[in-house]
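Enquirer: One letter stands for each residue in the lines below.
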Amino acid sequence: DAGITQSPRYKITETGRQVTLMCHQTWSHSYMFWYRQDLGHGLRLIYYSAAADITDKGEVPDGYVVSRSKTENFPLTLESATRSQTSVYFCASALSETYEQYFGPGTRLTVT
Amino acid sequence: KQEVTQIPAALSVPEGENLVLNCSFTDSAIYNLQWFRQDPGKGLTSLLLIQSSQREQTSGRLNASLDKSSGRSTLYIAASQPGDSATYLCAVSVMNSGYSTLTFGKGTMLLVSP
Numbered sequence: 077d078a079g080i081t082q083s084p085r086y087k088i089t090e091t092g093r094q095v096t097l098m099c100h101q102t103w104s105h106s107y108m109f110w111y112r113q114d115l116g117h118g119l120r121l122i123y124y125s126a127a128a129d130i131t132d133k134g135e136v137p138d139g140y141v142v143s144r145s146k147t148e149n150f151p152l153t154l155e156s157a158t159r160s161q162t163s164v165y166f167c168a169s170a171l172s173e174t175y176e177q178y179f180g181p182g183t184r185l186t187v188t
Numbered sequence: 002k003q004e005v006t007q008i009p010a011a012l013s014v015p016e017g018e019n020l021v022l023n024c025s026f027t028d029s030a031i032y033n034l035q036w037f038r039q040d041p042g043k044g045l046t047s048l049l050l051i052q053s054s055q056r057e058q059t060s061g062r063l064n065a066s067l068d069k070s071s072g073r074s075t076l077y078i079a080a081s082q083p084g085d086s087a088t089y090l091c092a093v094s095v096m097n098s099g100y101s102t103l104t105f106g107k108g109t110m111l112l113v114s115p
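First to last, the protein sequences are chains H and A. According to my numbering, the first sequence is numbered sequentially starting from 77. According to my numbering, the second sequence is numbered sequentially starting from 2.
So that you can see chain H by itself, here it is in the shape it has in the complex (with noise of 0.2 Å):
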């Protein structure tokens, strides 16, 4: 399907674990982004990433690691889950980085 996806759309976890979440877009879209939503402090960067094989850091990414092998995908790992990373994780892409960003429909994480 043509557009953003997210995998998977609703995971659970344990503390301590391991846990990769998956973004696929079919745009060509140089620019990815991951964000975070939480009641309280809205949508929060964690990661970005202007092309493939570069990436940089946002405004929260203590904790999470980013790859971009492929221009298409941006992969979103905690290495080591924590409860304060329970949270709806959104990806987005974008053409360039002063066009419009489209977002995927999120992923909601629950860490126990």
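Just so you know, these hints were derived from the structure itself, not from any lab. Treat the numbers as computed from the prediction; the structure is a model and nothing was measured. Worth double-checking, as some hints may not be accurate.
[As the list claims (entries may be wrong)] Simulated pairs of lysine-lysine, DSBU-like, Cα-Cα distance not exceeding 35 Å:
#  : chain 1 : residue 1 : chain 2 : residue 2
1  : H       : Lys87     : H       : Lys146
2  : A       : Lys69     : A       : Lys2
3  : H       : Lys87     : H       : Lys133
4  : A       : Lys2      : A       : Lys107
5  : H       : Lys146    : H       : Lys133
6  : A       : Lys2      : H       : Lys133
7  : A       : Lys2      : H       : Lys146
8  : H       : Lys146    : A       : Lys43
9  : A       : Lys43     : H       : Lys87
10 : A       : Lys43     : A       : Lys69
11 : A       : Lys2      : A       : Lys43
12 : A       : Lys43     : A       : Lys107
13 : A       : Lys69     : H       : Lys133
14 : A       : Lys69     : A       : Lys107
15 : H       : Lys87     : A       : Lys2
16 : H       : Lys146    : A       : Lys107
17 : A       : Lys107    : H       : Lys133
18 : H       : Lys133    : A       : Lys43
19 : H       : Lys87     : A       : Lys107
Go by the hints and put chain A onto chain H.
Expert: Using the frame of chain H, we list chain A on its own:
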């Protein structure tokens, strides 16, 4: 650090009313401003993008204005409908370590009653 504030946090109006949502930001050095809509449990849908050089953008019943010097934007919704009920988010594009990223407000939750 850029901060984005949206007022009011929640708004309830009867169907047919025209309404205005407000967004303010602390640093006027922005590339653009984007308005999004988010339905409960869903992702964000882009509504309008205003480049820093523009004053307003229109799409159907929606009109967004930008006053960069005063750090303000408004989203005007004409003839509101129950289907407009959602949370509306404002975000500004700012420079961060050589790249442009979005900083979001916390949103205005809109309820349009029939």
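Enquirer: Taking 35 Å as the top limit, are the C-alpha atoms of Lys133 of chain H and Lys43 of chain A close enough?
Expert: Within the cut-off at roughly 25 Å; holds.
Enquirer: Please work out if Lys2 of chain A and Lys146 of chain H have their alpha carbons no farther apart than 35 Å.
Expert: Since the Cα atoms of Lys2 of chain A and Lys146 of chain H sit roughly 32 Å apart, the hinted pair holds (cutoff 35 Å).
Enquirer: Taking only the CA atoms, is the gap from Lys146 of chain H to Lys107 of chain A under or equal to 35 Å?
Expert: Within the cut-off at roughly 32 Å; holds.
Enquirer: For the pair we were handed, Lys69 of chain A and Lys2 of chain A, check the Cα-Cα distance against 35 Å.
Expert: Cα-Cα ~16 Å, so holds.
Enquirer: Are the Cα atoms of Lys2 of chain A and Lys107 of chain A separated by 35 Å or less?
Expert: holds (16 Å)
Enquirer: Between the alpha carbons of Lys87 of chain H and Lys107 of chain A, is the straight-line distance 35 Å or under?
Expert: Judged against 35 Å, a Cα distance of about 25 Å means the pair holds.
Enquirer: Please work out if Lys146 of chain H and Lys43 of chain A have their alpha carbons no farther apart than 35 Å.
Expert: holds (26 Å)
Enquirer: Take a quick look at whether Lys2 of chain A and Lys43 of chain A sit within 35 Å of each other, Cα to Cα.
Expert: holds (28 Å)
Enquirer: Please work out if Lys87 of chain H and Lys146 of chain H have their alpha carbons no farther apart than 35 Å.
Expert: Given that 35 Å is the threshold and the Cα spacing comes to 24 Å, the pair holds.
Enquirer: Taking only the CA atoms, is the gap from Lys43 of chain A to Lys87 of chain H under or equal to 35 Å?
Expert: holds (16 Å)
Enquirer: Has the given pair, Lys107 of chain A with Lys133 of chain H, been kept, meaning a C-alpha gap of at most 35 Å?
Expert: It holds: about 21 Å lies between the C-alpha atoms, which stays within 35 Å.
Enquirer: Measure nothing beyond the straight line between the CA atoms of Lys43 of chain A and Lys107 of chain A; if it is 35 Å or shorter, mark the hint as holding.
Expert: Holds, at about 16 Å.
Of the hints listed earlier, there is not a single one the structure fails to meet.
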